[in-house]
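Undergrad: Next come the chains, spelled out residue by residue.
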Amino acid sequence: MAFSKCKGTVLQIDIASTMTTIAQLIEVDAPSMQSTSFENLTLDQAGVGVARELTGYTDSDPFTAMIFWDPALAPHIKLSDDIATPAKTTWQIVFPNTGASEIDWVSAGLKFKAVTAARDGMKAEIEGDIDGVPVVTA
Amino acid sequence: MRAKLIRSQEITHPDLMIMRGGVLDQEATLRARQVQMNLCASRQITWDEYKRRTSIRAQEGHIVDHPGAYYLVMMGAAEPYDDECRQKCGMTAPKIEAALIAGEKLHKAQLTGQRQHDAADGDAEKAHETRLERLDG
Chain E
1 MAFSKCKGTV LQIDIASTMT TIAQLIEVDA PSMQSTSFEN LTLDQAGVGV ARELTGYTDS
61 DPFTAMIFWD PALAPHIKLS DDIATPAKTT WQIVFPNTGA SEIDWVSAGL KFKAVTAARD
121 GMKAEIEGDI DGVPVVTA
Chain V
1 MRAKLIRSQE ITHPDLMIMR GGVLDQEATL RARQVQMNLC ASRQITWDEY KRRTSIRAQE
61 GHIVDHPGAY YLVMMGAAEP YDDECRQKCG MTAPKIEAAL IAGEKLHKAQ LTGQRQHDAA
121 DGDAEKAHET RLERLDG
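Top line first, the protein sequences correspond to chains E and V. Under my numbering, the residues of the first sequence are numbered 1 to 138, in order. Under my numbering, the residues of the second sequence are numbered 1 to 137, in order.
What the hints contain is simulated information worked out from the structure, not anything from laboratory work. It cannot be assumed that every hint is accurate.
[As the list claims (entries may be wrong)] Derived BS3-like pairs: lysine-lysine, alpha-carbon spacing no greater than 30 angstroms straight-line: (1) K111(E) x K7(E); (2) K123(E) x K88(V); (3) K113(E) x K123(E); (4) K123(E) x K105(V); (5) K5(E) x K105(V); (6) K123(E) x K95(V); (7) K88(V) x K7(E); (8) K88(E) x K4(V); (9) K105(V) x K4(V); (10) K123(E) x K88(E).
This is chain E alone, in the form it adopts within the complex (with noise of 0.2 angstroms):
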């Protein structure tokens, strides 16, 4: 048992068929991931319960991130190209443990928004839908 530390946490974008690190990042919310299921409830079902059955299909809801955002960077200027010319992209989050363990995923869509205010740095908000299944390391 042991408990990790975030500070170190890298995620990555592939960029040119090489894995870069988007820098500046604050936070980062992996994709969630979810085996999907229907309610089978029927009228002359004999128990109470809500019954349900599984889809046999695993969903994922979109990664989020937040940066500080450098509109001159490289890997941020990837971000927008990306929107602009929408492109699918491998994305991975590599953690500090000691097995260095990772989440690759495969973005779909994507959204990019600057945030600025008053009494804070320039951050943007990275949101994206995920294709297919991430891909969890133990």
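Fit chain V to the given chain E structure using the hints.
TA: Chain V only, in chain E's frame:
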């Protein structure tokens, strides 16, 4: 378009890079990776096998031939290796050099976990070796 890496980096495995008419088919390459991701997610292959099949650690000096190779120059991870890359990145030699220095500082800072410009060279090298050993198994 070609760029030369200035340090060791994880890149897509050459077996997954599908070429059509001498140009990288990025969509087909991504699909090939997703096939491996699905195999791993369904536990048909191990994580180690997934990593072996999808990526390799390219050494310093590796030539990246990719339509987006100029991004690597812009972020200080590579030098332009042909005129197309040099023109597309739109940077003068001093700017490229400045990007390389900034890229190296950032790389070391990430390896050491220290703030962006606090990385001491000795610590960075030590952390680099330790991490590489861990990542390469």
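Undergrad: Could you grab the alpha-carbon distance between K111(E) and K7(E) and see if it respects the 30 angstroms cut-off?
TA: holds (25 angstroms)
Undergrad: Quickly compare the C-alpha distance for K123(E) and K105(V) to 30 angstroms and report which way the hint goes.
TA: holds (22 angstroms)
Undergrad: Between K105(V) and K4(V), is the straight-line Cα distance small enough, at 30 angstroms or below?
TA: holds (18 angstroms)
Undergrad: Run the distance test for K123(E) versus K95(V): straight-line Cα separation, threshold 30 angstroms.
TA: holds (25 angstroms)
Undergrad: For the pair we were handed, K113(E) and K123(E), check the Cα-Cα distance against 30 angstroms.
TA: OK: K113(E) and K123(E) at ~8 angstroms, within 30 angstroms.
Undergrad: For the pair we were handed, K88(E) and K4(V), check the Cα-Cα distance against 30 angstroms.
TA: holds (24 angstroms)
Undergrad: Holds or violated: K123(E) and K88(E), Cα atoms, limit 30 angstroms.
TA: Holds - the C-alpha atoms of K88(E) and K123(E) are around 23 angstroms apart, at most 30 angstroms.
Undergrad: Taking 30 angstroms as the top limit, are the C-alpha atoms of K123(E) and K88(V) close enough?
TA: holds (27 angstroms)
Undergrad: Between the alpha carbons of K5(E) and K105(V), is the straight-line distance 30 angstroms or under?
TA: It holds: about 23 angstroms lies between the C-alpha atoms, which stays within 30 angstroms.
Undergrad: Does K88(V) pair with K7(E) here, judged by a C-alpha cut-off of 30 angstroms?
TA: Roughly 35 angstroms between the alpha carbons, so the hint for K88(V) and K7(E) is violated.
Checked against the numbered hints above, the structure violates only hint 7.
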